[in-house]
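Colleague: Keeping their order, the protein sequence lines are chains F and Z. Its first residue numbered 7, the first sequence is counted upward by one per residue in our numbering. Its first residue numbered 7, the second sequence is counted upward by one per residue in our numbering.
It should be emphasised that the hints constitute simulated quantities derived from the structure, not laboratory data. A portion of the hints provided could be inaccurate.
As the list makes no split between identical chains, a pair holds if one copy fits it or if it spans any two.
[What the hints assert, rightly or not] List time: in silico DSSO-like cross-link candidates among lysine-lysine, alpha-carbon distance up to 30 Å:
id, residue 1, residue 2
1, Lys228, Lys150
2, Lys150, Lys130
3, Lys150, Lys422
4, Lys41, Lys415
5, Lys279, Lys422
6, Lys28, Lys279
7, Lys156, Lys250
8, Lys417, Lys247
9, Lys395, Lys41
10, Lys250, Lys402
Protein chains: 2
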Amino acid sequence: MTWQQLTDEQQQEVQRQLLIIKRGAADIVPEEALKQKVMKAVVTGIPLKVKLGLDPSAPDIHIGHTVVLQKLRQFQDLGHEVQLIIGDFTGRIGDPTGKSETRKQLSEEDVQRNAQTYQTQLTKILDLSKTTFYYNSAWLGELKFDDVLKLAGKVTVARMLERDDFANRYAANQPIHVHEFFYPLMQGYDSVSLETDIELGGTDQTFNILMGRTLQGAYEMKEGQVAILMPLLEGLDGVQKMSKSLRNYIGIDEHPNDIFGKTMSIPDTLMLKYYELTTTLSYADLHELSQSLEEGTIHPRDAKMKLAKAYVSMYHGVQAADEAEQHFITVFQKKALPDAIEEKLLRVNLLEEGQISIIQLLVALDLQVSNGEARRSVEQGAVKINEQKIADIHAKITPIDGDIVQVGKRKFVRLKLS
Amino acid sequence: MTWQQLTDEQQQEVQRQLLIIKRGAADIVPEEALKQKVMKAVVTGIPLKVKLGLDPSAPDIHIGHTVVLQKLRQFQDLGHEVQLIIGDFTGRIGDPTGKSETRKQLSEEDVQRNAQTYQTQLTKILDLSKTTFYYNSAWLGELKFDDVLKLAGKVTVARMLERDDFANRYAANQPIHVHEFFYPLMQGYDSVSLETDIELGGTDQTFNILMGRTLQGAYEMKEGQVAILMPLLEGLDGVQKMSKSLRNYIGIDEHPNDIFGKTMSIPDTLMLKYYELTTTLSYADLHELSQSLEEGTIHPRDAKMKLAKAYVSMYHGVQAADEAEQHFITVFQKKALPDAIEEKLLRVNLLEEGQISIIQLLVALDLQVSNGEARRSVEQGAVKINEQKIADIHAKITPIDGDIVQVGKRKFVRLKLS
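Only chain F is shown next, with the shape it has when bound in the complex (with noise of 0.2 Å):
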């Protein structure tokens, strides 16, 4: 198909949708092959099938989820398919070598009680109607070992090991076990029973995803499936990728007035990151944004308290998102806290799969001396964390940086872990 083949209204739709499919995109590969599929799409109205596929260990979204999430969610109002993969088959594997923490074996269970959160907290982003869910255990668990020979026949062991981690890991001495090989490999046949047009991924996923492209290509699908690759989003410590590991998330569906007080702390520099990637806000609107902070018309913090306020109406509606708001004025700017809180350390090491008790955690910050005394002033219901009373002697609490945890109306201190 030729660009001149199509009407006029054909190549302004064509035009209209690749403006907002490569919006914030870090990359897209092949970029021609993108436009050949959305012109085809808008000529026979056959929509385009965009794949995502979700990690069914780690069902809590946070706002660097979003990222793809949002440009998923442009798809379909432009009126495309999505497939959402929970990959199933890997998740109730496990790493057959025994040795990986992270690729703990799953239960029919945990993945199905996973696949629901996922499909909760979806719906605040996607349009469910013109979603589909995928367990890839449906085509992977039915492959036999000469399907899986065929399968391994397409790639060469080179070609696997200019992936980056194989590569540095070869290069350092560090064991890769044969069955990581299939990872990619599995991602990939995922694409080739899907048929997909498109799959999504951040920029460190492009190994695997451009491996679904090889992989349609060598089982004869004529176009393989197109890479958009989203740039990765800093967490609020403004350096490392978002991660529920590092702590350094904002969870869509924690509470909105944590939601917006976890944004208020973004660095000033990320902000317009976040609003690009993470909100629904049009080019226009970001451009007059960008200005705005840039001649000081708008202070920083407001731009941040509305980015903040964006978030909890989307994830929680708009009366949460007021509610949020007016908390923040009032804990946190015009009440009181002292203006400077000093900080303490917590050490890291206190913390049991990070929670500690609300006991130990008094006297570890030196707000009491002893174990007796922190139980008395929890008790007497002197003790807050982020203006949250906590009454309970026995609550385990979950501290993250920033914390402000109060005893009575003169202690404070800001919590840091360490």
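Given the coordinates of chain F, assemble chain Z onto it according to the supplied hints.
Modeller: Below, chain Z alone, put in the same frame as chain F:
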């Protein structure tokens, strides 16, 4: 089990067996484990399971193959059991890349027919009552993707790339497809499945056989199999490994006169190696023969005739051996052929699939000047190859080095391919 726990008789029996087992072996890995296995077998009376894998695509057994087969027979004579694996699973798959001609896909019928051929030929060497045939599709064909991943998780990529041919190809930037890693894994998994104690093979099988030991360990079998690695036998050219494709072989199903004649063409220097590895000659007799040759009390030609006779006797019976010997003496030693026969080169590129028409052959060797003349001499019964008359003008010949081509009573040439 320690050596001291054995009775004197048991110790003697173990030593007797080890002496026989080790005879001629190029390497035994690990040797200490072999001793343990034999000790256990002697004490418990439970025979060892000794495995050999057969290539389902090439069922014609030649003397080179008999090196491992004779070793298997020795195990049987010591009371142990033989596991013969027909690798039908790999044979039925072929090469998924479709690139390798040597890995052509075999049909179920091909495999069955080849297995039948093996069985018929092997009955001349093995005691089939102590031999069990297995088709590895029985277990490999049942594996599903998750089993395959488990299998692949047992070894590292670096370990695989240690295999000589992989290492060389990787270094030379020649493609290795991921499925190729599974050939050693499959062979090793056969040993897991059959709880093999000992696997035999040529020294070129070292990596694959040790993989079986590794995998047995990974699948938590206490005592991994022992590799008994036999030397590779040079073919008639005295240099390259005996193989069908190099046409330097003696097939056990060949005509007795051919077996005899080809054996007589072995270089003298290799004769003792052939005796040691491919006959049932005792240590004592082998030692005596070696000494007699050294002292010149036996002529190499006579020692070689004894070897030739032994082969025909083993594979076609004593009577055939006597006849073949008589034929050889009549034709090649006493009669007809002049002492010095002129050698003539025949260009290999004149052959089609190894064959040439008798007419073309006579002309190419300058025994006749024209096709017409050649045709007439064939029709008159004047043409012989190795003393056998060729009377059909449409006959196709498969020439090999040393063939004596004769026209009438005077014209002789000794053919050499070039």
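Colleague: Are any of the numbered hints broken by this structure? If so, which, sorted upward?
Modeller: 2, 3, 4, 8 and 9
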